[in-house]
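Chemist: Now for the letters of each chain:
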Amino acid sequence: MTALLINLAVAILLAALLLGFYRLARGPTAADRILAFDAVVLCAVALTALLSRQWQTDVYVELILIVSSLGFFSTVAFVFFLQRAMPYGGEDAEEIEKGEGRGK
Amino acid sequence: MSNLIEYISAGVMLLGAFVVLVAMIGMVRLPDLFCRSHALGKGLTLGLLILLFGLWLDPATNISGLKIIAAIFFQFVTLPVASHLLARLAYEKNLPRHTLRRTPQ
Chain A
14 MTALLINLAV AILLAALLLG FYRLARGPTA ADRILAFDAV VLCAVALTAL
64 LSRQWQTDVY VELILIVSSL GFFSTVAFVF FLQRAMPYGG EDAEEIEKGE
114 GRGK
Chain B
49 MSNLIEYISA GVMLLGAFVV LVAMIGMVRL PDLFCRSHAL GKGLTLGLLI
99 LLFGLWLDPA TNISGLKIIA AIFFQFVTLP VASHLLARLA YEKNLPRHTL
149 RRTPQ
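Chains as they are written, first to last, in this note's numbering: chain A, 14 to 117; chain B, 49 to 153.
Please note: incorrect hints may appear among the correct ones.
As the list claims (entries may be wrong) - Distance windows between CB atoms, simulated:
hint, chain 1, residue 1, chain 2, residue 2, range
1, B, 51, A, 82, 32 to 38 Å
2, B, 80, A, 94, 20 to 26 Å
3, A, 39, B, 140, 31 to 37 Å
4, B, 124, A, 94, 21 to 27 Å
5, B, 139, A, 70, 40 to 46 Å
6, B, 80, A, 70, 39 to 45 Å
7, A, 82, B, 113, 45 to 51 Å
8, A, 102, B, 124, 30 to 36 Å
9, B, 146, A, 83, 19 to 25 Å
To be verified - Derived list of chain A stretches under chain B, where covered just means 3 residues or more per stretch with a C-beta under 8 Å from a C-beta of chain B:
hint, region
10, 20-33
11, 36-47
12, 54-68
Hints are computed from structural coordinates only; laboratory data are not their basis.
Since the structure is predicted, the reported quantities are computational estimates derived from the model, not experimental observations.
Backbone N, C-alpha and C fix where the C-beta goes; we use that ideal spot for every residue, glycine too.
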């Protein structure tokens, strides 16, 4: 009975992971992709917790801590990089300016 | 008794997985980055907290209870910070924003 509940939860989380991959592929700006990547990492963390419950071990709790902190620090690093590199108005702004010949 | 606790733990983890699914549906359906960071910062945080609480209830992992509480605390601190950083980036860079569509009169 508990195995059935856990398998159902794994199926739900796999559906959530696929939705996250959809947004990761689709997202219009780079910031959307970073957000979707963070969400995908957290879905993987939730799947790790379910595996730890399924196999009745507690060695995966460190894995939960490490993977979630990796996701958080990669998000922070990307945001600090994009604060310099991203043009004002998103990536499309430069292309529109170039295309219409409107220099600064 | 421990059987009952196992059922409760599995049920709570199923509830957490459902909340995570709702947050990811929000991640797909919501229109712009501000709304999506809202889905990450509230929905996914709540789902992960419920799921890790269900793991904490499980009697087989009782030994690592403090580590699970540390993981819960870490999620609770870092996830809203990440979503706030992304929303702030979107505000500073003036990313495209969702506006309500007005019906022509």
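Chemist: Looking at the structure, which of the earlier hints fail to hold?
Modeler: Of the numbered hints, 3, 7 and 9 do not hold.
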